[in-house]
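Peer 1: Chains as they are written, first to last, in this note's numbering: chain A, 95 to 334; chain B, 2 to 314.
In case anyone wonders, no lab produced these hints; they're calculated from the structure.
Fair warning: there could be bad hints in the mix.
[Said to hold, decoys possible] Each pair of labels, with its calculated beta carbon distance range:
(1) B:Ser202 x A:Ile116: 30 to 40 Å
(2) A:Ala204 x B:Ala302: 53 to 63 Å
(3) A:Gly325 x B:Arg87: 52 to 62 Å
[What the hints assert, rightly or not] In silico lysine-lysine, PhoX-like type, Cα no more than 25 Å apart, as pairs:
(4) B:Lys137 x B:Lys225
(5) A:Lys294 x B:Lys292
(6) B:Lys306 x A:Lys162
(7) B:Lys307 x A:Lys137
(8) B:Lys135 x B:Lys225
(9) A:Lys137 x B:Lys288
(10) A:Lys137 x B:Lys225
(11) B:Lys288 x A:Lys254
(12) B:Lys97 x A:Lys165
(13) A:Lys254 x B:Lys137
Ideal Cβ placement from N, Cα and C applies to all residues, glycine included.
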Amino acid sequence: MSDVRYLTAGDTALVMEFGTAIDESVNRQVKRVYDALRARPVKGIFEAVPTFRSLLIYYNPCQISYEKLVKKLKKLEQSSSGILTASKKIIHIPVLYGGEYGEDIADVAAYTKLTEQQIISLHSEKEYLIYMLGFLPGFAYLGGLDPRLHTPRLKNPRTKIPQGSVGIGGEQTGIYPLASPGGWRLIGRTPLKPYDPARKEPFLYQAGDYIKFDPVTAEEYKQIESLVEEGKYTAKEEVR
Amino acid sequence: MGLLIHSPGPLATVQDDGRYGYMDRGFSPSGAMDKKSLAIANILVGNAPYEAAIETTLTGLTAEFTSEAIFAITGADVLPELNGERIAMYAAYKAKAGDTLRCGAARIGLRTYFAFAGGLDIPSVLKSKSTNLKCKLGGYQGSALKAGDEIPFLCARPVLRDMMMRGLDIELSGFSEPIRVVMGPQNDYFTDDGIGTFLSSPYQVTMDSDRMGIKLDGPAVSSKAGVDIISDGIPLGGIQIPSNGKPIIMMADRQTTGGYAKIATVITADVNRVAQFRPGDRLKFTKISLKEAQDIYRYEAECLKKLEKLWKK
Numbered sequence: 095m096s097d098v099r100y101l102t103a104g105d106t107a108l109v110m111e112f113g114t115a116i117d118e119s120v121n122r123q124v125k126r127v128y129d130a131l132r133a134r135p136v137k138g139i140f141e142a143v144p145t146f147r148s149l150l151i152y153y154n155p156c157q158i159s160y161e162k163l164v165k166k167l168k169k170l171e172q173s174s175s176g177i178l179t180a181s182k183k184i185i186h187i188p189v190l191y192g193g194e195y196g197e198d199i200a201d202v203a204a205y206t207k208l209t210e211q212q213i214i215s216l217h218s219e220k221e222y223l224i225y226m227l228g229f230l231p232g233f234a235y236l237g238g239l240d241p242r243l244h245t246p247r248l249k250n251p252r253t254k255i256p257q258g259s260v261g262i263g264g265e266q267t268g269i270y271p272l273a274s275p276g277g278w279r280l281i282g283r284t285p286l287k288p289y290d291p292a293r294k295e296p297f298l299y300q301a302g303d304y305i306k307f308d309p310v311t312a313e314e315y316k317q318i319e320s321l322v323e324e325g326k327y328t329a330k331e332e333v334r
Numbered sequence: 002m003g004l005l006i007h008s009p010g011p012l013a014t015v016q017d018d019g020r021y022g023y024m025d026r027g028f029s030p031s032g033a034m035d036k037k038s039l040a041i042a043n044i045l046v047g048n049a050p051y052e053a054a055i056e057t058t059l060t061g062l063t064a065e066f067t068s069e070a071i072f073a074i075t076g077a078d079v080l081p082e083l084n085g086e087r088i089a090m091y092a093a094y095k096a097k098a099g100d101t102l103r104c105g106a107a108r109i110g111l112r113t114y115f116a117f118a119g120g121l122d123i124p125s126v127l128k129s130k131s132t133n134l135k136c137k138l139g140g141y142q143g144s145a146l147k148a149g150d151e152i153p154f155l156c157a158r159p160v161l162r163d164m165m166m167r168g169l170d171i172e173l174s175g176f177s178e179p180i181r182v183v184m185g186p187q188n189d190y191f192t193d194d195g196i197g198t199f200l201s202s203p204y205q206v207t208m209d210s211d212r213m214g215i216k217l218d219g220p221a222v223s224s225k226a227g228v229d230i231i232s233d234g235i236p237l238g239g240i241q242i243p244s245n246g247k248p249i250i251m252m253a254d255r256q257t258t259g260g261y262a263k264i265a266t267v268i269t270a271d272v273n274r275v276a277q278f279r280p281g282d283r284l285k286f287t288k289i290s291l292k293e294a295q296d297i298y299r300y301e302a303e304c305l306k307k308l309e310k311l312w313k314k
């Protein structure tokens, strides 16, 4: 039996709530229904926003009634629940850790009582699931940061964090896809642009993909940066 | 060749229906705050209802036509003048190159829409001409309009039939009637008392309100055990209750996701109304059923369709 809750979100949206915790298997269910909707669009639905444990569905009530929509979604839920987990896609993000690009790494070291080298290896050895994109275009909410790296956010957020900055905020880690204000502790920077409106595919990754950070040297960073500028760099991807 | 802006007022942006298909990647939908006024302006000048137009805030545009155009102004009445002569809101006019448009501060309401026959020659970015101020994308060079900007028209020599009849007797109204909401998605986070407070108290629009959200001041809405949720999607008109208990109505430039519980959602028809409330204005919420809300939605869509047919054969 399905235990998905259907919640009203006004006259043009509803929420499918798959669970109440941040959990990979719950997130996978969200992703399954989201993928099914993208593969076979339902007339009347004009947008679907997957999040940690729910899917916000926007629809036009002139094209589909609430009752009919819920019926269709329940069917979809069941037909997609049998699908085995699709292959895992891992996107490699080169990161130059520390130095001027990761100016808070010393603070993180002081707080966590780890050396900078330990921080780098703990941070870069994991494959992080992208639970959702939100807040800013291409801002990935990643799960699975090693608890030893948890560091509180800055008391006074910075007014401008450069594009590509990699930071730790509480129990989370992520990349700033655009220059923006923010309160995370910066530990490095990637020369890649997670979001680039000029690129044919503006986003490097989507919800459900995994991110792996690869430490690079200052020299490699510069090389990649100029390739990115020329539009000649393709992020390394692995599918397992 | 288009409209040369002399003064844009506090905030003028190019907006259409909004940017859809990218919310799953974190893009605010943007788009006109009062889509009904946008649609009527476009229909008056023979455009598709959600063609891009200029949205102003509080004070209307003062500008010069550098080429011929047919235009209409809707929404908040900004007492427009063409070459020094008062013209009506909600009516199509023809301007020649060299004509000047001058608008004042809104008499009532907050946002005014300026639509031009044939539309604006603005590139579509991610399938929309709407300005996303935070990402500096879409609209006119990704930003709010400034004095000296020249917004090009798509159509060099617009011709419309029935020019004399392209007028409507509309004025923004209903500022004292309650804002209708459908409860949810997270109304179960709030106590009965909290919901009672929310549905019975007057709230005042604060100065901190913008295209992202309308922040209200008034009695705090009490929750059962806090208002933090695991971040989920924010619908248009979603009413977040942050930790101070004061409601925020999430509007066109809202973040796609957020971590505060949403007690209720303003119905689409009233999102357009609330977009016209100014800081200092008071409002009350009233709850209706989803069925009633969708009947209203369909009725309004039907009205717009009829309007579209009015000047079409």
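Peer 1: Sort out whether Lys225 (chain B) lies within 25 Å of Lys137 (chain A), counting only the CA atoms.
Peer 2: 38 Å, violated
Peer 1: Is 53 to 63 Å a correct range for the gap between the Cβ atoms of Ala204 (chain A) and Ala302 (chain B)?
Peer 2: 59 Å, holds
Peer 1: Would you mind confirming whether the straight-line C-alpha gap from Lys137 (chain B) to Lys225 (chain B) stays at or under 25 Å?
Peer 2: Status violated; Cα separation ~39 Å.
Peer 1: Is 30 to 40 Å right for how far apart the beta carbons of Ser202 (chain B) and Ile116 (chain A) are?
Peer 2: 34 Å, holds
Peer 1: Starting from Lys135 (chain B), check that the Cα of Lys225 (chain B) is at most 25 Å away, please.
Peer 2: 34 Å, violated
Peer 1: Lys307 (chain B) and Lys137 (chain A): Cα distance at most 25 Å?
Peer 2: Judged against 25 Å, a Cα distance of about 23 Å means the pair holds.
Peer 1: Against the 25 Å threshold, does the CA-CA distance of Lys254 (chain A) and Lys137 (chain B) hold or violate the hint?
Peer 2: Satisfied, since the Cα-Cα distance of roughly 15 Å is no more than 25 Å.
Peer 1: Going straight from one Cα to the other, do Lys288 (chain B) and Lys254 (chain A) come out at no more than 25 Å?
Peer 2: This hinted pair is violated, its Cα atoms lying about 41 Å apart.
Peer 1: Taken at face value, is the distance from the CA of Lys162 (chain A) to the CA of Lys306 (chain B) at most 25 Å?
Peer 2: The hint holds at about 24 Å.
Peer 1: Quick one, are Lys137 (chain A) and Lys288 (chain B) close enough, alpha carbons at most 25 Å?
Peer 2: 29 Å, violated
Peer 1: Quick one, are Lys97 (chain B) and Lys165 (chain A) close enough, alpha carbons at most 25 Å?
Peer 2: The hint is violated at about 55 Å.
Peer 1: Is the hinted pair Lys294 (chain A) and Lys292 (chain B) satisfied, with a Cα-Cα distance of at most 25 Å?
Peer 2: Status violated; Cα separation ~42 Å.
Violated hints, listed in ascending order, are 4, 5, 8, 9, 10, 11, 12; each of the other numbered hints is respected by the structure.
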